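Peer 1: Sequence:
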Amino acid sequence: MIACLVHFEAEGLHGSHLADLCSGAATLLGRLQQHGVQAGLLLQCAAVGDAGLSLAALQAAADGSGSPLLMTQPGQLAVALRLALDQLAPTPPAEVAFISLSGSPAAASQAAELGCGTCEHLPSRGASPAQLQAWVMQAVARRAREARQAAGLQPPLVVGYVMKESRQLALAQQGMLPLLPAAEAGAAAGSTAAAESAAGKAAAQAGKPAAESEQPLCFVPLDLHSSLAPQLAHCDIVLQKLTDYLEPTGGSGAVAHFTSEAQALLARLDQEQQAAQQAAVQQQLAAAAAGHPHPGHPQLHPAEFRAAQAVAKGRPPLPVDPAPAMRPIMDRAALIPLLEAAALAVRQLAIPARAPASVLVSSFDPGSTPRQLAAAGVSLPCIAKPQAACGVAEAHQMAFVLHGSGFAGLEVPLPAVVQEYVDHGGRVWKVYVAGDQVFWAERKSTPDLRSLAEQLAADPEADVPDSISFDSLKSLPTTLPWLRKQQAQPQAAGGSADGGLPPVPGQVASLMQRPTFEAVAAALRKRLGLTLFGFDLVFDSIAGELVIIDVNYFPSFKGVPEAPAALRAALRQRYAAALATQQQP
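FYI, UniProt numbering numbers position 305 of the sequence shown as 305, with every residue one higher than the one before it.
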């Protein structure tokens with residue numbers, strides 16, 4: 001069993017910084033225990049005031065995890081350190097990851113002398129709770145990796161992830177970011193059976209026993225505000241939700257740029273990829289000079305083979321997914337031609353599908369905008385969305401436009417993409433893709449609007465608004481007061497009185513099946529080059545076609561119990577494919 005001991009020196013830290021670090025330490029201990037890591041805190045205070053402030057912050061942030069806490073003074077550190085290690089028994093010191101948040105590396109040196117397996121020193125001045133969390137969890141993962149190697153077991157792949165903290169917590173609660181290989185089955189999230197079942201099915205399809213086909217994975221957070229080189233040196237894969245790191249757009253609808261920290265990560269990954277490619281070329285040249293054109297040739301001399309292995313071990317972490325593949329997901333205008341190409345590929349499989357007719361506009365005008373729409377084949381009603389698709393608050397400020405006059409004063413950030421609005425019976429299919437695995441769920445959606453648009457077209461003075469603004473993230477309108485009478489009709493025909501959806505019509509039910517979802521997913525995967533993404537499908541009840549209306553990167557997979565196993569399988573698959581590509585002559 002892996003354990004963790006965090007040494008926190010309060011001396012030299014004051015006020016809010018000290019309180020923030022203590023609060024972060026308490027949260028960290030709780031997260032470690034959720035991951036199955038026995039954790040303790042050794043708090044070193046030279047002043048009574050520091051001790052009081054630290055304890056207050058720790059108690060305020062404590063989540064009931066009950067992690068062992070010891071307090072000590074500078075002159076008593078050696079004794080306190082032994083006591084703290086005793087509290088972690090029966091875990092031996094060799095299985096303990098020790099991290100000292102302090103002004104000097106003295107405590108880490110003492111821990112090493114006492115036999116702690118992994119010892120790290122994090123300078124306390126300028127440290128942040130996020131940095132503490134990243135360093136500690138990375139140290140625990142390294143300890144787990146070294147322990148498995150020492151035991152002759154297959155070492156885990158280390159996946160460093162970059163995403164906002166709220167997303168980390170949500171995915172961790174689903175069992176999708178296990179810190180230790182032992183937690184991979186999703187026990188912490190209560191999804192052990194589902195995860196093991198999905199893993200077994202995937203292995204069976206590959207013709208291998210599940211236990212032999214899976215390499216364990218450890219997931220650790222990366223801190224973009226710390227030095228990247230030492231963090232990436234221990235990662236095999238970088239799972240990056242960089243759409244969480246976009247600069248504010250100042251209220252416009254323009255596509256946002258990555259923050260400087262995110263750009264630094266991308267630059268570092270690119271630099272390491274280029275260095276690895278150069279090393280591979282040099283290795284191939286050396287092998288060719290020795291009479292072996294490919295370093296992986298089975299007849300290589302043992303010394304040459306070991307050299308090839310050394311090159312392989314020095315390979316850079318694999319980014320999932322690369323930034324160029326994410327850019328169309330960030331830009332609704334850039335996504336349109338890719339949706340059209342994917343829909344064309346799906347139609348060639350005899351599945352009726354299309355992308356919504358769309359046009360990019362730089363202004364809204366009741367006179368000229370309807371003409372722009374007509375030229376692009378966009379009819380009313382329509383929906384206006386900012387060109388920026390994600391990562392900024394403005395991306396979710398949208399509006400239904402029921403009449404041309406509705407473009408006057410429309411409060412949707414510009415530039416914007418205006419799309420045809422499809423009557424779809426108020427239902428949407430949310431489809432989640434992880435590698436070659438596809439999951440879906442039917443959800444309630446926005447209502448049909450054509451009748452309102454026709455009412456306004458016939459009588460512009462009708463008691464119906466010409467546009468309806470909303471925030472798609474906070475208040476998606478699944479019902480409208482002007483449609484209450486029409487919404488009551490489906491309930492009489494079989495809808496539920498609690499606002500649920502009526503039964504799926506036969507034509508739609510026959511189409512919305514696994515082959516359809518997998519066909520659309522494959523078409524999008526090929527054109528986007530993404531491993532993890534989601535998309536929305538609706539059924540145009542008038543045209544009798546599927547419409548691919550939205551794509552997003554690395555969705556929440558909420559409500560998908562197989563998601564933890566699917567994510568791990570997708571990452572293993574991408575990693576294996578990357579290795580195979582590197583080994584090609």
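I should point out that these hints are in silico values taken from the structure, not numbers from a laboratory.
All of these numbers come straight from a predicted model, not from anything done at the bench.
Wrong hints could be hidden among the right ones.
[Said to hold, decoys possible] Calculated pairs, DSSO-like style, for lysine-lysine (alpha carbon to alpha carbon, straight line, at most 30 Å):
| id | residue 1 | residue 2 |
| --- | --- | --- |
| 1 | Lys444 | Lys526 |
| 2 | Lys444 | Lys474 |
| 3 | Lys444 | Lys558 |
[Claimed, not checked] Distance windows between CB atoms, simulated:
| id | residue 1 | residue 2 | range |
| --- | --- | --- | --- |
| 4 | Gly544 | Pro337 | 21 to 29 Å |
| 5 | Arg514 | Gly36 | 32 to 40 Å |
| 6 | Ala106 | Asp270 | 35 to 43 Å |
| 7 | Pro248 | Pro68 | 40 to 48 Å |
| 8 | Gly52 | Asp270 | 47 to 55 Å |
| 9 | Ser16 | Ala457 | 21 to 29 Å |
| 10 | Ser16 | Thr581 | 28 to 36 Å |
| 11 | Ala89 | Ala46 | 22 to 30 Å |
| 12 | Ala457 | Gly544 | 21 to 29 Å |
C-beta atoms are modelled at their ideal positions from N, C-alpha and C, and glycine is treated no differently.
Peer 1: If you test the structure against every hint from before, which numbers come out violated?
Peer 2: 9, 10
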